[in-house]
Structure formats: C-alpha cells, structure tokens
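Asker: With my numbering applied, the sequence shown corresponds to residues -15 to 53, in that order.
If you are wondering where the hints come from, they were derived from the structure by calculation, not from laboratory data.
Hints are not guaranteed to be accurate.
[What the hints assert, rightly or not] Pair ranges (Cβ atoms, derived):
1. Thr50 <-> Lys(-6): 26 to 32 Å
2. Arg48 <-> Gly20: 34 to 40 Å
3. Glu14 <-> Lys(-6): 23 to 29 Å
4. Ala27 <-> Thr50: 16 to 22 Å
5. Gly49 <-> Lys(-6): 25 to 31 Å
6. Thr50 <-> Ser24: 32 to 38 Å
7. Ser45 <-> Glu22: 31 to 37 Å
8. Ala23 <-> Ser45: 29 to 35 Å
9. Pro(-2) <-> Ser45: 18 to 24 Å
We put the beta carbon where it would ideally sit given N, CA and C, even for glycine.
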Amino acid sequence: MASNNSGRNKLTVPGAEQALDQMKYEIAQEFGVQLGPEASSRANGSVGGEITKRLVQMAESQLRGTSGQ
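Let's have the full structure, built from the sequences with the hints guiding it.
Answerer: So, in structure tokens, the structure goes:
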C-alpha cells in the first residue's frame, strides 16, 4: 500500500502535526508499543486512544482557564 496522506484527516492548526507526532511516540514509549504495521491493532489503538484522552484533558483545562493536566 502506498504511503501517502490522502486518507488522513487534515489538521486545523498549522504546525500541530509535529507536536502530535511527538506525543504519539512518547505515549508509545510509555506503553512499550513499537508503532507500525507489525504491531497489533490493539497496541496501535491504545496509543491513539491515549492521545485522544490527553487532548481532551488539555482542552478541558484550557476551557477552565488553567494550565497543566
């Protein structure tokens, strides 16, 4: 399968891709997951789920007017 970005969602904030990638690899390291096609869907999905959880926490903190997690 070709590796292109046509199937990916477009980011609404320019420059956010690098920060999201960094978060993805940090979480994968915390979970002991080696990302990629060799990893199970469950392992890769656990990283995506944790990214979502942390992004929601960050947004909620911003809405409350506080920083941190």
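Asker: It remains to establish, for every hint, whether it holds in the given structure.
Answerer: Results of checking the hints against the structure:
Remark: the range hint 26 to 32 Å for Thr50 to Lys(-6) is upheld by a beta-carbon distance near 29 Å. Roughly 37 Å separates the CB atoms of Arg48 and Gly20, a value that falls within the hinted 34 to 40 Å. Hint check: Glu14 to Lys(-6), Cβ distance near 27 Å, so the stated range 23 to 29 Å holds. For Ala27 and Thr50, the Cβ-Cβ distance of about 32 Å falls outside the hinted range of 16 to 22 Å, so the restraint is violated.
Taking the beta carbon of each, Gly49 and Lys(-6) are about 29 Å apart, inside 25 to 31 Å as hinted. With their beta carbons about 36 Å apart, Thr50 and Ser24 fall inside the hinted range of 32 to 38 Å. The hinted window of 31 to 37 Å between Ser45 and Glu22 holds, with their beta carbons roughly 35 Å apart. Under the hint 29 to 35 Å, the C-beta atoms of Ala23 and Ser45, about 30 Å apart, fit the expected range.
The supplied range of 18 to 24 Å is met by Pro(-2) and Ser45, whose beta-carbon atoms lie about 22 Å from each other.
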